[in-house]
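There are 2 protein chains.
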Amino acid sequence: MRKAVVLLSGGLDSATVLALAVSEGYACHALSVDYGQRHRIELEAAVRVARALGAAEHKTVRIDLTAFGGSALTDANIAVPTRGVQKDGIPVTYVPARNTIMLSLALAWAEVLGAQDLFFGANAVDYSGYPDCRPEYMRAFERMANLATKAAVEGSRLTLHTPIIALSKAQIIELGIKLGVDYRLTVSCYQADAQGRACGVCDSCRLRRAGFDAAGVADPTRYSTAPASGG
Amino acid sequence: MRKAVVLLSGGLDSATVLALAVSEGYACHALSVDYGQRHRIELEAAVRVARALGAAEHKTVRIDLTAFGGSALTDANIAVPTRGVQKDGIPVTYVPARNTIMLSLALAWAEVLGAQDLFFGANAVDYSGYPDCRPEYMRAFERMANLATKAAVEGSRLTLHTPIIALSKAQIIELGIKLGVDYRLTVSCYQADAQGRACGVCDSCRLRRAGFDAAGVADPTRYSTAPASGG
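Each protein sequence line maps, in turn, to chains G and S.
Numbering of the first sequence is given in the numbering used here, commencing with residue -5 and proceeding in unit increments.
Numbering of the second sequence is given in the numbering used here, commencing with residue -5 and proceeding in unit increments.
Because the hints were derived from the structure by calculation, they are not lab data.
Every value quoted in this text rests on a predicted model; they were computed, and no experiment measured them.
Among the hints, a few may not be true.
Identical copies carry no separate label here, and so any pair may be met within one copy or between two of them.
Below 25 Å or equal to it, Euclidean Cα-Cα: the simulated SDA-like pairs (lysine to any residue) are [claimed, not checked]:
#: 1; residue 1: Lys53; residue 2: Asp28
#: 2; residue 1: Lys53; residue 2: Glu168
#: 3; residue 1: Lys(-3); residue 2: Gln189
#: 4; residue 1: Lys(-3); residue 2: Ile72
#: 5; residue 1: Lys172; residue 2: Asn71
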């Protein structure tokens, strides 16, 4: 059985990607990264999602990015925006080099496992402001990875799969529903409470809810308060 | 003053690179990575080296690569070779994706600091067996980094400096001596004891000692036992 490393945040996108990789027959080694994120509760969601979707194994690796700060997700002094999704520029929820760090960790594990496939739930539609969610970045990472490792030198080619990079949130949800993902298990909110209930007003909540609306699927998210209107 | 992030292991090579970056007028933000390495004592050496060479700041970030294993440096079940430097293939002291992970962390810090320069003491001569010490890997990392960040999208170009990549160990030592590096402060040994004394027989000790010999410089290294002969 072909092994794959799947980055799993505990959110909606990566749960869908894990379900897809499992459905394609990969033995999935799910990797979560505890980087000091505000929404640590997503890491508990990741444990449940990995189990529910049949991951072969799940690891959570800790790296303290609050040592650097520079993002609303890793710096307690920068607030999470709650007044509607930012239209221009790069959101303050962007975490410097986070995807590069997470992919590097996935690369390390893939090499140790002898896996030639990495799955990553990046999305360039809803998060078009994030530089490290763009297809050209993914291609550059893959190229670098294929020069970085002993496995690569020995002829084992690594493929970075980003199957939902060009899908809308509604399309991702439709795909996940087809694959049997239970989205109640996932947490997308940047400031979910200790019970995993979503705020309903941060960018991530707004995009998620609009996705369920557009897909015509009842939103199973547990909210701490009645969600605000608008997407 | 132009800021730079300098990866600092506590060993001979990175100390020389830090001295060089300081001499070129950079405000140097030194970064050490505690990845669960056997030779943790090098991290204490890094603190002393950063101070002695006038780094503007020094941080040690922790990431537990023993979670993945796969190297003599991160897996207690794989022994460090002590019978002479391996001539062919990739040494068991290679740590999967380590340089990619360390450079990614340096990239994150550089972005938060607004630094456009990264210094890395990789060397392709003595460690020609390490895939992630090769110039083509460095170019691919730099290219990826310039697609990865908000800073890059906003037009700030990052340069990855690898000033000693093509130097012999003797040339590195000659450069460091000229720059005033006190090599007694550095630890290169893969299995140094708790006092920082070197074993004298691992690959890293052998290469270091041969470098001092070739440079015609008295070896200031503190050994736990009389070093074995041969390089």
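How would you classify Lys172 and Asn71 at a CA-CA limit of 25 Å: within, between, both, or neither? Answer is neither: 41 Å inside a copy and 44 Å across each miss the 25 Å cutoff.
Tell me, please, which holds for Lys(-3) and Ile72 at an alpha-carbon limit of 25 Å: within, between, both or neither? between (39 Å within a copy, 23 Å between copies)
Please sort Lys53 with Glu168 into within, between, both or neither, judging by C-alpha distance up to 25 Å. neither (27 Å within a copy, 45 Å between copies)
25 Å Cα threshold - placement of Asp28 relative to Lys53: So Lys53 and Asp28 pass the 25 Å test inside a copy (10 Å) and across (19 Å) alike.
Quick one: Lys(-3) to Gln189, C-alpha cut-off 25 Å, is that within a copy, between copies, both, or neither? neither (33 Å within a copy, 42 Å between copies)
Hint check: violations occur at hints 2, 3, 5; the rest are consistent with the structure.
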